[in-house]
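**Student:** Start from chain H and add chain C according to the hints.
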Amino acid sequence: MNTHETSENGPILSLEKVSKAFGGVQAVRDVSFAVERGRIHAVIGPNGAGKTTLFNLVTGVYTPDAGRIVFKGRPIAGVPVHALVALGMGRTFQNVELFSGMSVLENVLVGRHCRTKAGFWGAVLKPASVRDEEGSARSFALSMLDFVGMAHAAERRAGDLPFGWQRMCEIARALAGEPELLLLDEPAAGLNASETRELASLILKIRDLGVTVLLVEHDMSLTMEISDRIAVLDQGALLAIGAPREIQADQRVIAAYLGA
Amino acid sequence: MKRPLANTLAYALFAAAVAATGFGLKNPYYFQVLTFIGINTLLAVSLNLLTGYAGQISLGHAAFFGIGAYASGIFSTHFGISPWLSGPAALVLAGIVAYLVGLPTLKLTGYYLAMGTLGFGMIVSVILNNWSAVTGGSSGLYGIKGLTILGVNLSQGRNGFFLIWLLVIATFFLCGRLVDSRVGRALRAIHYSEQAARSVGVDTAGVKLSVFVLSAVIAALAGVFFAHSVGFISPGSFNFLMSVRLVAMVVIGGMASIWGALLGASLLTILPELLQAVAEYEMATYGLILILVMIFFPEGLVMGIRSAYEHARNVGKRAHPEP
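Line by line, the protein sequences give chains H and C. In terms of this note's numbering, the first sequence opens at residue 1 and continues consecutively. In terms of this note's numbering, the second sequence opens at residue 1 and continues consecutively.
By construction, these hints were calculated from the structure, which means they are not laboratory data. Do not rely on the hints blindly, as some may be mistaken.
A short, non-exhaustive set of chain H residues, derived as facing chain C with CB atoms under 8 Å [as the list claims (entries may be wrong)]:
#	residue
1	59
2	99
3	100
4	109
5	110
6	111
7	114
8	123
9	124
10	174
Virtual Cβ for every residue (Gly too), placed ideally from N, Cα, C.
Isolated chain H, as found in the complex (with noise of 0.2 Å):
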């Protein structure tokens, strides 16, 4: 595999072999597979097959064993988290991670962080180039809000609001950072079959503004409904790959799935 690819023409994001295991649980062994730009990707798998794992180690959470996760054209090894942010990932958490008592805007500006650079002085004297970077940030975190159609709970307590809507309202905050490769984890979990609708048009919405969507999911229905493709994942390997017409007609996935 070429290695030397530049940033713009290659997959935005490839593992290479990645291995984890926790004491003797292999949780993770050998996954290679890339993400190429402007798609909808999907990794499933059963319970216990180790998408969580495989979510943790490409967002920078752990480090592989073995092999090496590669973003834009560099490994990820020894990036911080916030860094990697800031190269243009986002994510976003299976338990919804909102910071409870703060507003919905303020969630969403936090999101903005990485894009923006007022330091401890901007803050306390606050000269017009903060309050314009202020400014625009708010009027960009609220046309987020918007985008996923939650303009309206703008000024209400993060935590005071129905987990549908936070759930919104957490992909509003990874989307502030303007990411080139957003990562969903699971991010039907716990939706009802209206929400789930109105997730699914939202992803593909977010597809056509030119980001590539990585979700690690287990509703089957949504992720045949919008993947472009469709990894895999059974006891830690990579079962197969391929677009949601040929998993859904493979052998083994559905082997896998009713546990023959």
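**Tutor:** Relative to chain H, chain C alone:
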């Protein structure tokens, strides 16, 4: 956006109250008590930045108060440096110490951070007590010069009152601006979820270290003023008990609230004055107050009073429905 206006109004009222008190009062005892309230408010605000906003618990904050007081006291008495120079030097020293201490300890969270800062506080306390040649040991450091300009002493009596409350107002203003900014939002975000803050691009380690240093420098500022105002310092003012007292001020007044720090500091400065008869039971009294506040006003007195007021107003509205 009504909040900035309300804030400006609150600051103006507060400044007016300080001025009226300063010019109206005559009794030197009151000035002394009010000056101590000012010093404690400064300390409570500094700890509130760290604990109330950023959610980082420190049980050794009195150490920075002590470093400020002792460094400026030692520089000015042993080396004959003007307090106007020894003071800033003490602030820089406290900032450097905070940076070096914060680098390893801020990797800890929750109880472990509390234990780490507790240990640091103990170490400083031991040094103040035992490095007698420099600190004067347990009998303390005497004869610290006042802050004077053209022969006028600015650190005592009415002048001292004005100087410390001017510092308090300046710090309130600084903290108010900081909290409502990009950096302040990152601070508060760390309080709710450090993991989430990191994952949206906040350099959490860097932000925590910066606020730790800032908080230490403000505490040291209180220490510098204290040393030059009282003229005599001893290790007892900067021990573990003082650190606990500071935590109590922040918790009782209300976390993440500037006015809460003022209220907490005022209560815990005045109470011991009123309860001199039961001074031996000071810690027990704090414990009892903390327990009661936690049970009845878990968000602190300021929020407790505010929600009680709003509750009463809503009840009033219901009792008198619009025609």
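**Student:** Decide, hint by hint, whether the structure agrees.
**Tutor:** Here's how the hints hold up against the structure:
1. 59: Constraint on residue 59 of chain H satisfied, holds at 7 Å.
2. 99: holds, 4 Å
3. 100: holds, 6 Å
4. 109: Because about 6 Å separates residue 109 of chain H from the closest Cβ in chain C, which is inside the 8 Å limit, the hint holds.
5. 110: Hint holds; residue 110 of chain H Cβ to chain C Cβ min 5 Å, cut 8 Å.
6. 111: The hint holds - residue 111 of chain H has a Cβ within 8 Å of chain C, the shortest such distance being about 5 Å.
7. 114: Where the cut-off is 8 Å and the nearest Cβ of chain C is about 3 Å from residue 114 of chain H, the hint holds.
8. 123: At 3 Å from the nearest chain C Cβ, residue 123 of chain H passes the 8 Å test, so the hint holds.
9. 124: It holds, given that the least Cβ distance between residue 124 of chain H and chain C is near 5 Å, below 8 Å.
10. 174: Because about 7 Å separates residue 174 of chain H from the closest Cβ in chain C, which is inside the 8 Å limit, the hint holds.
This entry satisfies every hint, going by the numbered hints stated previously.
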